[in-house]
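All chains should be built: construct the whole structure from the sequences, respecting the hints.
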Amino acid sequence: MKNAVSDLLRSRELAVALVLIAAVVLTALKSESFVFSADGWRNLLVTPSMLVILAVGQAAVIVTRNVDLSVGSVLGLTAYMTGRIFIEAPGTPIIAVVLAAIGLGAVLGLVNGVIVAVAKVPALVITLGTLYIYRGVFLTWAGSDRINASDLPDDFLALGNKQIASIPVLSIVALLVLIAVGYYLYSTRGGREMYAIGSDPDAARLYGLPVTRRVIGAFVLSGALAGLAGVVYAARYGTVSSGAGLGIELEAVGAAVIGGVAIFGGSGTVWGAAIGAALLVTINRALPVVGISDFWQRAVVGGLILAAIVLDRVLALHRERRLSIERDTRSLA
Amino acid sequence: MSEPAREPVLVLDEVHKSFGATAALTSGGITVEAGSIHALVGENGAGKSTMVKIVAGVHRRDGGVFRFQGDDVDFSSTAEAKAAGIAVIYQEPTLFPDLSVAENLFMGRQPLKPGRRVDRAAMYEQSEVLFQRLGVHLDPRRIARGLSIADQQIIEIAKAISLDAALLVMDEPTAALSGVEVDRLFAVARGLRDEGRALVFISHRFEEIFALCDTVTVLRDGAYVATQAIADTNRGEIVAQMVGREVGELFPKTPAPIGDTVLRVERLNSTGAFHDVSFEVRAGEIVGIAGLVGAGRSEIARAVFGVDGYDSGSVHLNGEAIPMRDPRASIKAGMAFVPEDRRLQGLITDGSIARNIASVIRRGLAKVGFLTSRSELRAADEWAARLHVKTHALDMPATTMSGGNQQKTVLAKWLATEPSLLIVDEPTRGIDVGTKAEVHRLLSDLAGQGIAIVMISSELSEVLGMADRVLVVCEGRITADIDRDQATPEAVMRAATQLHHTEAGA
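So the protein lines, in turn, are chains A and B. With the working numbering, letter number 89 in the first sequence gets 89, and the count goes up by one each step, no holes. With the working numbering, letter number 68 in the second sequence gets 68, and the count goes up by one each step, no holes.
Worth double-checking, as some hints may not be accurate.
Said to hold, decoys possible - Quick list of the computed label-pair ranges, beta carbon to beta carbon:
1. A:Gly243 x B:Asp74: 53 to 59 Å
2. A:Arg313 x B:Leu163: 36 to 42 Å
3. A:Arg313 x B:Pro323: 53 to 59 Å
4. A:Ala316 x B:Gln132: 29 to 35 Å
5. A:Ala180 x B:Leu163: 28 to 34 Å
6. A:Ala316 x B:Val180: 52 to 58 Å
Unchecked claim - If you only want the chain A side, here are some residues facing chain B, beta carbon under 8 Å, derived:
7. Gly182
8. Tyr184
9. Glu193
10. Asp200
11. Gly208
12. Thr212
13. Arg213
14. Ile263
15. Ser267
16. Asp294
17. Gln297
18. Arg298
19. Ala299
20. His318
Quick caveat, the hints were computed from the structure, so don't treat them as lab data. All C-beta atoms, glycine included, are put in the ideal place defined by N, C-alpha and C.
Dropping the structure here:
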């Protein structure tokens, strides 16, 4: 029994999922329409999709002991580009626009990755720089202009609300991204190498792993997913102003940390990061419903991040003690 | 396996390599034949590790001949060397702590299922087979974090063996292993030799070299000195070639007057680490603690010093009770502790040598709460000179020093506190012959000055040579307390493996 409980606690994904479910249930008790209404149900599923996509990319980068702070700017830039394409070239197929956004994001991610790999400066500093540069490019391009829902084709805007079997299309997109990246990280050699690199970069180099290639790959993935998230942003909100995606990179990092992705790399899963993202978004929506003021919402998010880190530390100490006892009994056997 | 070519597997000749202004290797050379185990010896700083790293593709040579299996090669990465058929066990284990043991073994070459998916079941199975071959029990599913150094070393060995390489280079693979594990490793090494592979074995332990190798190459000061068949040479000759001079006795413990009891440890217990440990150490006495790696020797030392806690029992120093888990109180009472892994626990490797030496006496040095570099340097100077720390400048970072000088720096740091008890854990691990003798002479001197010394060592000859009394630890218990004149290798090994035999019968 005790084992079952500690196993449960050790599965961070499950623990965070339980917190998420509890939050949803408690809010639904207060206001049924939070879940049990057409709008409530759709919002519950669709609102997290953008942050989930970002958090998945962020988790892949953090696993390699790096971080990508530029995703908010990439998201803003690609969201704006999405709108511009529809304005400049009406009739462009939606899929082409989506691919263009992903492509731009990937290129911006490649720039991050190459600088990090070549300059050997912590990614925190590099992507803090590109955060401002990409945002600056965006501001220069957009000026005081903004994209309005009326600029966008109806088909595209419909994506934001469309459902298949009462599941919103955007949620399905996020889920597919999650499954694909989750599969890559858990089941392929390349994915496992990313964990190895994050676990001990020097050992990875000595071992002969393609460290540079994998780290650049992680940044390209993060950038591409930020590009996709930009399209999701445009489809969901219809308007893109110069403030689009401002500060969302920190939410993505927070989601990954809450979901059990170790900030020093090497452990955690994108599943945890995705559930963490869903929890962050849902709690932000739930707090006003249960009558907690805006002021406290950010404090709650901060509290979640700190709780996650404290939990990590406690579990690590517990595990160390268990391992040392195990070592003892093994030598006695 | 390979074609029956009479060509040597590895040829290095006149290889040189410099790092900045320092020449690590001026004319290194070695010729390793297939089906042979070749010892590579030399003092620390002689260039062995640099040569290994050139072969492994970590460093690129500046010039000289490098032939592998008859072809001229020039590896620019470890991946290339590995692909060519070279496996290397590095001195320090290089594992991925967050990943499972099996993943550590097969990273980058995991068995695959259809769809290029990593086949974890097959990976665990193959790991078990490897461990069986090495005769060890390790769970391939557990993560590598928290494994003992010996277990980590075993994983490195398993990894290298599983590479199926034509050349296997082992840089001090036995440093952390116990007797049984060393025997197993040697059996595997001989098996590989009989399959026609070439092995290079680096060790500071002559018993091992003579037991395992058939040829020996000596390096000195970055240059090739000689290659001989093991059968045609002896320890004295090799040592003379290594140092370019005759070395005096290796373990020069001189008798010192034994005084009053300094340390009294009574019935110390710690769940999962050690049980019912009692012993005394008197002034001027060197007490050796022997036992297999993982027997609990370091854990006892850490608990006595106060780094770790314990469940029951007491520690007295000079009649004064030492509080549990309070290293600062222990230092104040007159204890000094040089830990096993000096890089992790005893040395601020990025800090300057002076800062390292002065770090424990800072409080005494600080003036009006401020610590000046000058006062640090002055205090450090004295101790560095007394211990012959070889370095150009005391404000140089400690990480640039050789292992022997690092160890002396750690010792200097503690001696500056003027302790009445010195605990040293593996004082000469990874240190070359010349420095080893210096460390031994130093410990002997300190005992002569009336300091009580507890010395933990895995090297039996060191314990037997240095200690006035040998305590043997086996699986967390003290199984023997042997006086110097009765201490024989057989007596110590019997006590160190006692429980193994009784348990095996049950």
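Results for each hint:
A C-beta distance of roughly 55 Å is found between Gly243 (chain A) and Asp74 (chain B), which places it inside the suggested range of 53 to 59 Å. Our hint of 36 to 42 Å for Arg313 (chain A) and Leu163 (chain B) holds, since their Cβ atoms are close to 37 Å apart. Between Arg313 (chain A) and Pro323 (chain B) the beta carbon distance is about 26 Å. The supplied range of 53 to 59 Å is therefore violated. A hinted range of 29 to 35 Å for the beta carbons of Ala316 (chain A) and Gln132 (chain B) is consistent with their spacing of about 31 Å.
Checking the proposed 28 to 34 Å range against Ala180 (chain A) and Leu163 (chain B) shows it holds: the Cβ atoms sit about 32 Å from each other. Range check, Ala316 (chain A) to Val180 (chain B): about 32 Å between beta-carbon atoms, so the 52 to 58 Å window is missed. At about 13 Å, the closest approach between the beta carbon of Gly182 (chain A) and any beta carbon in chain B exceeds 8 Å, and the interface hint on this residue is violated. Hint on Tyr184 (chain A) is violated. Least Cβ distance to chain B is approximately 10 Å, over the 8 Å limit.
Evaluation of the Glu193 (chain A) hint against chain B yields a held restraint, the C-beta minimum of about 6 Å falling below 8 Å. A distance limit of 8 Å between C-beta atoms decides the matter here; for Asp200 (chain A) the minimum to chain B is near 5 Å, and the interface restraint holds. Interface restraint check for Gly208 (chain A): the shortest CB-CB distance to chain B comes to about 3 Å, inside 8 Å, so the restraint holds. For Thr212 (chain A), the suggested interface contact is broken, since its CB lies about 11 Å from the closest CB of chain B, more than 8 Å.
Taking 8 Å as the C-beta contact cut-off toward chain B, the hint placing Arg213 (chain A) at the interface is violated, the least distance being around 11 Å. At about 13 Å, the closest approach between the beta carbon of Ile263 (chain A) and any beta carbon in chain B exceeds 8 Å, and the interface hint on this residue is violated. With its C-beta approaching chain B no nearer than about 4 Å, Ser267 (chain A) sits inside the 8 Å limit, and its interface hint holds. Using the Cβ-Cβ criterion of 8 Å, the hint placing Asp294 (chain A) at the interface with chain B is not satisfied: the shortest such distance is roughly 38 Å.
For Gln297 (chain A), the interface hint is violated, since its Cβ never comes within 8 Å of a Cβ in chain B; the closest pair sits about 33 Å apart. Because the beta carbon of Arg298 (chain A) sits about 31 Å from the nearest beta carbon in chain B, more than 8 Å, this interface hint is broken. With a cut of 8 Å, the hint placing Ala299 (chain A) at the interface with chain B is violated, because the nearest CB-to-CB distance is about 31 Å. Hint status for His318 (chain A) relative to chain B: violated, with the closest Cβ pair at about 12 Å, above 8 Å.
In this structure, the hints that do not hold are numbers 3, 6, 7, 8, 12, 13, 14, 16, 17, 18, 19, 20, in rising order.
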